[in-house]
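Going down the list, the protein sequences come from chains A and B. Here the first sequence is numbered in the numbering used here, starting from 3 and rising by one per residue. Here the second sequence is numbered in the numbering used here, starting from 6 and rising by one per residue.
These are calculated hints, taken from the structure and not from any lab test. Even glycine gets a Cβ: it sits at the ideal position worked out from N, Cα and C.
With the Cβ distance kept under 10 angstroms, some of the chain A side facing chain B (calculated, not the full set):
| # | residue |
| --- | --- |
| 1 | Gln189 |
| 2 | Arg192 |
| 3 | Gly201 |
| 4 | Asp205 |
| 5 | Val214 |
| 6 | Leu265 |
| 7 | Gly269 |
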Amino acid sequence: MSTSQQTRSGALAGLVQRHGALGVLVLLLVVGGLAFDTFLTAYNLGNLAVQASFLAVIALGMTMVIVSGGIDLSVGSVYALSGVLAAYSARWGPIAALLVPLAVAAAIGLVQGLLVGRAKLAPFIVTLGGLLFARGLLQFLTAEGSETYLVPRESAFLQLGQGSVLGVGVPVLIVVLLYAVGGIVLQRTRFGMRLFAIGGGEDAANLMGLPVTSTKVGVYVLSATLAGLAGTMNAAQLGSGVTVIGVGLELNAIAAVVIGGTLLAGGMGSVSGTLAGVALLFVIQDLINQVGGFNSNLQAVVSGAVLITVVVLQTLLSRARR
Amino acid sequence: MSSSEDMSEEPTAQVVLEASGIRKSFAGVHALRGVDFRLRAGEVHALVGENGAGKSTLIKVLTGVYQPDDGELHYLGAPVSFARPAAAQEAGISTVYQEVNLVPSMTVAHNLYLGREPRSGFGLVDFRGMRRDAENLLEDLGIDVDPRRQLGSLGLGVQQMVAVARAVSADARVVIMDEPTSSLEPREVETLFELIRRLHERDVAVVYVSHRMEELFQICDAVTVLRDGRLVHSGPMYEMTRLELVSTMLGRPLSEVRREGTTAFGGDHETGSTALLRATGMSRRGVLGAVDLSVKPGEVLGLGGLLGSGRSETVKALVGLQSLDAGVIEVDGRTVRRGSAASAIRAGIVLVPEDRKAEGIIPHLSVRENIVLAALPRLSKAGIVSRARQDKVVATFMERLRIKASSPEQKVNELSGGNQQKVMLARWLAMSPKVLLLDEPTRGIDVGAKAEVQSLVDDLAEQGLGIILVSSDLEELVEGADRIVVLKDGSSVAVLTDSEVSVDGVMSAIAEGGADE
Ligand SMILES: Nc1ncnc2c1ncn2[C@@H]1O[C@H](COP(=O)(O)OP(=O)(O)OP(=O)(O)O)[C@@H](O)[C@H]1O
Ligand SMILES: [Mg+2]
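Required output: the full structure, derived from the provided sequences and hints.
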């Protein structure tokens, strides 16, 4: 019996599933580079990378949550709330501007994590509540958005969003660092193994004696904190707290994660895939801009089509692997 | 293991785990009504009882999955209460629960070491070390599987062995196994018994649950019998005969049990003259070589062969669940479309699959809904389902198969493992097909109900159904089948008829089969 042949085609299917987004990304970069002079330039890509960095940070936490079989819908609101908190706290100095939003975001994550992990409520409902809560708090703090907090002009905090080292934007460096650490956490630590185990079979993980509750609490704290960091970085880049951002951002993050080959049902996924997924979304958007003359809504149409293609492919591939 | 020194040693050996007066109920269902259980170091203790007697519940109470409503636990002489499974494991009790409790999406090595992964510097998981450890462990235990394989891609038997390997490698003082052999082949059972003997030598106490009587007498020193959540007997194994054990379990007089014999199959059946189902040249690269078979109305055709010989794949192919490269399947002379489950069902072929839990149980629906699901078209007129007819079908099967549930409306995932198996069996039987394919129909089912299933199979054959039976219990296969097709490496190599249908006949066909090709 040629079981080796079966495993080989299975392995190939697995490879495509894991690195498909990267493949498409490289393809688009090449095609885009050939088609448009202004596309593959350091300036354009650098810009694109900074724009993408906020979603990338959020999608990192989302990847971990989804791998564990959960979902975090609150990240868009937490992102916006944190931005406003950062801008507000900047008056007390750069450290406060960084720590206040992170602490608030982590607290929101902790409550959500306890509700999901300990009270065993559905993550969808809990984080939907978190979404409304954070957005409501934001409206309250800014008096329905009528009050805008500006980061003081000379604050060192602005460097977090606007600075650059050797020509690379600080947000991009943060993303690189976080993804390196995130990859290690997910693939090489016991915490990461537990996320995969819980996502792949929660009852089994519990019967195996894994600390399911604390792991879940941990992952929601992590996700919310990363969303808080993304909001903080965004405030530093804009120099103010903007209340209207982040609406629907959680869906973009989920899309990036899924395009990156992470199974929405949990138990399988990678942060490198997510990074490719985020990049893909932004490259598609930029290419449509490069073509020009299109309604910007078309971007959403194309992104949506890519998402569906990926999900269909994933399903077919995981069937082929059986 | 019940040699004479053991007998004199037993009563003095240290009691490691003791439960007294354990009660546990679930929303009005009394699963345990004051059970005592005492486990000594170095003994292999059988825990037996009918489906739904409370065995798994007792195990879950012992290991911190459930908290008892009443009663006490003592471990190594001190009172304990385990708040979570993790607590019991840390204390040295490791368990293979009845359902395969591993993560299918992860590799074998991961599953073996989840929660206790070897770590290198910086607290990172040392994958190379983990794989090496896993290879050594599996080799040492005599389990032949590549630790890099994804668990879910392996057969049920291998998965079960991995679960056992995980439990025994934890260096525990107590190892509990809830029906570890339910999906094992004879060869794997031997490997498991070898493991248990080694645990015995290391003075580890083993709790062993199984519905296969011969295993209990082969491996166990002591036995505790539960019936309806109560303790009905506890004592050394050698004091009981097989018949006594069965009659204690079922709570029926010895004479009645003796009359019934080992299996409840009747003799040969009146079979029709032309084939009801005929399959020729079924093949699939890497899975099936060339399988030919046919079943007449009223006939029970057995499929014999070893693990991996392609029996399950063959029956799956017949109902379109396994794709084929070539082959013709006909029912009543009409060709069934290959690889299409819908056309197989339309033609009247129904499969009771091997992995009934994964392939079909709908956990949050009631027993009634799970049973009638597939038969709905037959039970309805103009799209309207007749509740009265549903209830009748459900009541018939619940009684016939002795499904133990508080009512037909109980959620199926609240039933004991064996009773869930029976519900699935009932679902497929309720479809009243023309050809019924049974893959391991009595797996995980207690002796009493096993006999019921076997006589039900007989009745169905009598009614003119064509039946194909797959069973790794050779005795069951031989007594149930009128004719046996023997498979080897994915091809049919022999057809046994009349007097050739015997345990020896199957064994020698497997040994010789394909040798002359
Ligand atoms: N979570 C639950 N909710 C409600 N009832 C339950 C639950 N778990 C078990 N029961 C009931 O408790 C009784 C004992 O079940 P248990 O699983 O212990 O049986 P068992 O002896 O292991 O049977 P089997 O041989 O079929 O595995 C059954 O009647 C079952 O329906
Ligand atoms: Mg049980």
